[in-house]
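What follows is each chain in one-letter form.
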Amino acid sequence: MGGKLLKRKSASEVIVRVIAFTIMLVHCLGILYVFLYGFNASLKANGRVFVADPNSFAKELNFANYVRAFKEMRVNDNSYFQMVFNSVWYSVGGTLFSLAVAACSTYVVARFKNKFTRLIFNICIFVMIFPVVGAGPATYRLYVKLGITQTPFILLSGLNNLCHLMMYAFFSSLSWTYAEAAYIDGANDFQVFFKIMLPMALPSISVLFVSGVIGAWNDYTTPMLYLNKSFPTLASGIYVYERKIQYIANQPVYFAGVCLAMVPPLVLFAFMQNTIMTKVYFGGLKG
Amino acid sequence: MKITALQKRKAKRAFFMAVMMLPALIGFSVFYVYVNFDSLLMAFQVRGKTDVSWGMGNFTYFFHQLTVPDSVFTQAIRNTAIFFVLGYVQLLMSMLVAYFLFKKIFGYKFFRFVFYMPCIIMATATASLFQYIIARSGPIGELLKVFGKTMPPLLSDSAYANKTLMFYCLFYGVGGNMILFLGSMTNVSPEVFEAARLDGVSWFREVFQIIVPLTWPTLSVMILQSVVGLTQASGPVFLFTQGAYNTYTVNYWLYEQLLGGINLEISAAIGWCCTLVTFPIALIVKRCLDRIDERIGV
Chain A
1 MGGKLLKRKS ASEVIVRVIA FTIMLVHCLG ILYVFLYGFN ASLKANGRVF VADPNSFAKE
61 LNFANYVRAF KEMRVNDNSY FQMVFNSVWY SVGGTLFSLA VAACSTYVVA RFKNKFTRLI
121 FNICIFVMIF PVVGAGPATY RLYVKLGITQ TPFILLSGLN NLCHLMMYAF FSSLSWTYAE
181 AAYIDGANDF QVFFKIMLPM ALPSISVLFV SGVIGAWNDY TTPMLYLNKS FPTLASGIYV
241 YERKIQYIAN QPVYFAGVCL AMVPPLVLFA FMQNTIMTKV YFGGLKG
Chain B
1 MKITALQKRK AKRAFFMAVM MLPALIGFSV FYVYVNFDSL LMAFQVRGKT DVSWGMGNFT
61 YFFHQLTVPD SVFTQAIRNT AIFFVLGYVQ LLMSMLVAYF LFKKIFGYKF FRFVFYMPCI
121 IMATATASLF QYIIARSGPI GELLKVFGKT MPPLLSDSAY ANKTLMFYCL FYGVGGNMIL
181 FLGSMTNVSP EVFEAARLDG VSWFREVFQI IVPLTWPTLS VMILQSVVGL TQASGPVFLF
241 TQGAYNTYTV NYWLYEQLLG GINLEISAAI GWCCTLVTFP IALIVKRCLD RIDERIGV
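Just so you know, the sequences run in chain order A and B.
Residue 1 is where the first sequence starts when you use our numbering, and the numbers rise one by one after that.
Residue 1 is where the second sequence starts when you use our numbering, and the numbers rise one by one after that.
There's no promise every hint is true.
Mimicking DSS-like on lysine-lysine, the simulated pairs with C-alpha atoms at most 25 Å apart in a straight line are [unchecked claim]:
(1) A/K195 <-> B/K149
(2) A/K115 <-> B/K12
(3) A/K113 <-> B/K8
(4) A/K71 <-> A/K229
(5) A/K244 <-> A/K229
(6) B/K103 <-> A/K9
(7) A/K59 <-> B/K145
(8) A/K71 <-> A/K59
(9) A/K113 <-> B/K10
(10) A/K244 <-> A/K71
(11) A/K145 <-> B/K49
(12) B/K12 <-> A/K195
(13) A/K9 <-> B/K49
(14) B/K12 <-> A/K113
(15) A/K195 <-> B/K10
(16) B/K163 <-> B/K145
(17) A/K145 <-> A/K229
(18) A/K115 <-> B/K10
(19) B/K149 <-> B/K163
(20) A/K9 <-> B/K109
(21) A/K113 <-> A/K195
(22) B/K8 <-> A/K115
No lab work stands behind these hints, which were simulated from the structure alone.
Chain B with its partners taken away, still in its complex shape (with noise of 0.2 Å):
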C-alpha cells in the first residue's frame, strides 16, 4: 500500500497536534482527572488510628457536627453565607465606583489607581500594616484617647472581629471588580450616550436604561462566579485571626486542615457536599441569566 501525500499531511499534521497538546493533556489528566477521582474515594475513606476503611463515615461526621450548636461547622456555614451576601454589596459598590470613574470624575485616573492598589500589592502586607493601624497604640486608637474613649481589640474579640473582617473586605476590595466593569463600560459606544443626552435623558435613566443593559454580560458573568464560588466565599480569615473568634468559614476551615495536613478524608468529603449543594444552585442561576441575556439581546 502506498501512502499518498494526503496521508502524509494528515500523519504530520496529527503529530504536530499531538505534541503541541502532550503537556496540557498529561497536566489535565493528572492535576483535574486524577486528583478529582482520588478525591471522591478519599470522601470515603475513613481514617482510624492505624487503618484506613472505606465507609460513610466523614459524611455521618460531618452532618453530626452540623447539628450540634455552635460547633466549628455551623459557624463556619453562616459566616461563608453572610461573606457570600458581602460580595454583592461589594459588586455594588464596584459599579458605582467604576461609574463615577467611567463619567470621568475629578481626579478619575487618581481614584482608579488608589482603588486598585490593593490588587496590585500582596495581601499579606497590606493586612499586616492594616493591624498597626487599628491596633490600640495605632492612629485611630491615638485619636480616640483624645475623645477619651479606648480602641475596642477589633481582631481578638468575637463582637469585632467579623465586622473588622468585613469592612475590611469591603474597603480593600473594590477595585477588582471595578476594572472589569470599567473595561466593559468603556467598551459602550460613545454615541449611544451622547445621542441619549441629546434626547434629553436624565443621568439617572442613563446608568439604569443604559449603562446596565449594555454592561450586562460582565455582571452575568461575575453573578455565575460568584455563585459557583457559593461555598468558598470567605474574608481574609488567615491574614487576620485564623478562625479565632467566631471567625471560620467553610473556605478556611478547609485550607487550615491542608495547612496541618490534617483530616484530609473530611475534608474531601465536605467538599463534595458543598460541590453537590452548588451545582444544582449554579445550573439554575446560569438558566436565569442566560433568560436575561435573552432578553436584553446581547
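So here's chain A without its partners, still in its complex pose (with noise of 0.2 Å):
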C-alpha cells in the first residue's frame, strides 16, 4: 500500500520526466554518434573509399586496419606502438609515482599530529585555494635547467605531492586498533605503515590510481609541452599526426588508430565503474 502510494508520480512530474528523457536521449545519441562515426570509419577499404563517400556506413569489415595503423601511425620517429608504450609509462607509472610519495607524506600528516604536520596540512590547503596561473613559465625554465624535459625523468614532477587530501580523509578514518595491537608486539613505524596501514588504505587509493590513470593517459596538455618530441604519448600524437601530416592518405588507418587509444581508459573504466560513480565525489576525474 505504502509502496503504491510512494510510487505514484503525479501527471506534471509525468510529463517533466518524459521531457527530459527525450533531451538526455538526443543529447547522448548525439555525443556516442561521433564515437561511432569514428568506428564506421575506421572499417572503410582505404582513404579513397572514405573521401568519396564518408558518411555512409562500411561495405566490408576492414579490421586489417587496426594492425596496419601500428605499422602506419608515425610520430616524430615513433611508431604507434612505441606511442602506447609511451602512454604506458605516463599513465600508469606516473601516478604510482605520485601516489606513492603522497601516501607516504599524508600518512605522516594524517596520522602524527604536530606542529610541523598541521603546517603541512595548512599549507596544502591554502595552495589549493590560492589560485596562482604564472607558475608555467618558472616551471618551464625550471624543467629545461634541470634538463628533464623530452626524458621519462618528467616523471619527477609528481614528487610534489605533499598531502593528498583525499588520501588524508582515507588515513584519517582508518581504524587504528591493528596498528596499536602491532606496535605492542613491537612493530616500528615502517611496518606499521607499509604491513598494517597501507593494505587497509589500497581498496580506496586504488580507486585515485585508475582515476588517475585514466586522466594521465587522456592529458595531453602536459606531454604535448615536455614530452612529445622524443616521446610522443597517444594523447598527443594523435594531435600531432592530425595536424602536422597535411594530408592524412589513409583516414581509415588513421580512425582505427584513434579508436584503439580509446580503448584502454574505456576498459579500466568498465571494471571500476561503480567504485568510481560511487566512491568519488570530489575527485579529479575531470577530462
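Mind docking these for me? Both chains are given alone in their own frames, and the hints should help you get the complex.
Here it is as C-alpha cells:
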C-alpha cells in the first residue's frame, strides 16, 4: 500500500520525466554518434573509399586497418606501438610514483599530529585555494634547467604531492586498533605503515589510481609541452598526426588508431565503474 | 648523559617522519616554492635583444596592450569571461542531468555511461572526430545539402568559431560535474525523500528544498573552484582553432607561449596579474559561501 503511494507520480512529474528523457536521449545519441562515426570510418577499405563517401556505412569490415595503424601511424620517429608504450609509462608509472610519494607523506600528516604536520596540512589547503596562474613559464624554465624535458624523468614532477586531501581523508578514517596491537608486539613505524595501514587504505587508493591513470592517459597538455618531441604519447601523438601531417592519405587507418587509443581507459573504467561512480565526489576525474 | 628509552623512541619517530616526508618535501620546495619564487622574479625580468634587465617592462607592455582595441589580449579577456559564464551553464546542465539520473529515469545507466564517456576518452580523439562530423563533407553537411543549404565553415570563420567551441564545451562537458553531483545526491538518506513524499511534497519543491540544500557542500566547492580558476576558463582552443578566428583565451595564450618557449617573462607577469585579480575575488566568494554554509547548517 505504502509502496504504491510512494511510486505514484503526479501528472506534471510524468510530463517532466518524458521531456527530460527525450532531451537526454537526443543528447546522448549525439555524443555516441561521434564515436560510432569514427568506428564505422575505421572499417572502410581505404582513403579513397572514405573521401568518396565519408558518411555511409562501411561496406566491409576491414579490421586489418587496426593492424596497419600499428605499422603506419608514426609520430616524431615513434611508431604507434612506441606511443602505446609511452602512454603506459606516462600514465601508469606517473600515477604510481605520484601516489606513492603522496601516500608516504600524507600518512604522516594524517596520523602524527604535531605543529609541523599541522603546518603542512594548512599549506596544502592554502595551495589548493590560492590561484597561482603564472607558474607555467617558471616551471618550463626549471624543467629545461634540470634537463628533464623530453625524457621520462619528467615524471619527477610527481614529487610535488605533499598532502593529498582525499588520501588524507582515507588515512584519517582508518581504524588505529590494528596499528596499536602491532606497536605492542614491537613493530616499528615503518612496519606498521607498510604492513598494516597501507594495505588497509589500498582499496580506496586504487580508485585514485584508476582515475589518475585515465586522466594521465588522456592528458595532452603536459606531453605536448615536455615529451612530444622524443616520447609522444597516444594523446599528443594523435593530435600531432592529425595536424602536422597535412594530408592524411588513409583516413580509415587513422580512425583505427584513434579508436584503439580509446580502448584502455574504457576497459579500466568498465571494471571500476561502480566504485568510481560512488566513491569519488571531489575528484580530479574531470577530463 | 644517558639516552632514555623515551628519547630513543622519539628519535626513531622523527627519523620515520623525515624519511616518509622527504621526497614530497623536496618536490614541494622545488616544484612549488622555488617555481613560484622564480616566477615572481621572472615577471620583473625584461628580455632585451641580447640581455635581461630588471623592471616593470612586462607589466607596462601588458597594460599597454589592454588599451589597444582588438589586441590579442582584449580578445582573450573577453573570451575568458564568456567561458567563465559558460562554466555555470554547464554546472546547471550537469545538475539537471544528475537529478534525473538520481531519480532513476528510464535508461539511467545508459545515460550515465554515455554522458561520462567524453571524460574517459581522450579529448584529442573526440575533438578530431568532431571535426569530421562538422566538416562540410560530414554527415550534418550532407543533411543540409538535402535541404539545399551548405554547411558554414564552423571552425574557420570568426562568426562561428567561438560559438562552435562553446557548443562543444556544453555538449561534451556535462559528465565530469554530473558524477560529482550524482555522488552527493546518492549520499542523501532515502528516508528524507520518503518522508517528504508521504507529506505530499511536490517534485518541484523536492528539488529546491531538499536536493539543493543537501548537496550544497558539493555545489559550494564547485563554485569556489570555478572562481579560483576564473582567469583560466577556456574552451578547447588548442584542439580546434589554436587561437585563430578570434578564439584566444588568456589560458590558451599563455599555453601557446609555453609551447613555443617564447615570451616567458611576459607570460609570468600576466600570470601574476591574473593571480592578483583572482585572489581577492576568491576570498570574497569563499566568505559568502561559508555564510551560506552556516545558514544551511552543513
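Between the alpha carbons of A/K115 and B/K10, is the straight-line distance 25 Å or under?
15 Å, holds
Against the 25 Å threshold, does the CA-CA distance of A/K145 and A/K229 hold or violate the hint?
17 Å, holds
Measure nothing beyond the straight line between the CA atoms of B/K8 and A/K115; if it is 25 Å or shorter, mark the hint as holding.
20 Å, holds
For the pair supplied as a hint, A/K244 and A/K71, confirm whether the alpha-carbon distance does not exceed 25 Å.
18 Å, holds
Is it true that the CA of A/K195 sits at most 25 Å from the CA of B/K10?
Holds, at roughly 21 Å.
Are the Cα atoms of B/K103 and A/K9 separated by 25 Å or less?
Between B/K103 and A/K9 the Cα gap is close to 12 Å, so the pair holds against 25 Å.
Within a Cα-Cα threshold of 25 Å, do A/K71 and A/K59 meet the stated pairing?
24 Å, holds
Hint consistency between A/K9 and B/K109 [alpha-carbon to alpha-carbon, up to 25 Å]:
21 Å, holds
Would the pair A/K195 and B/K149 pass a check requiring their Cα atoms to be no farther apart than 25 Å?
Judged against 25 Å, a Cα distance of about 69 Å means the pair is violated.
Please work out if A/K59 and B/K145 have their alpha carbons no farther apart than 25 Å.
Distance ~23 Å between A/K59 and B/K145 Cα, so the pair holds.
Tell me if the straight-line CA distance from A/K113 to B/K10 falls inside 25 Å.
Holds, at about 14 Å.
Can the restraint linking A/K145 and B/K49 be considered satisfied, given a maximum Cα separation of 25 Å?
21 Å, holds
In summary, the numbered hints that this structure violates are 1, 13.
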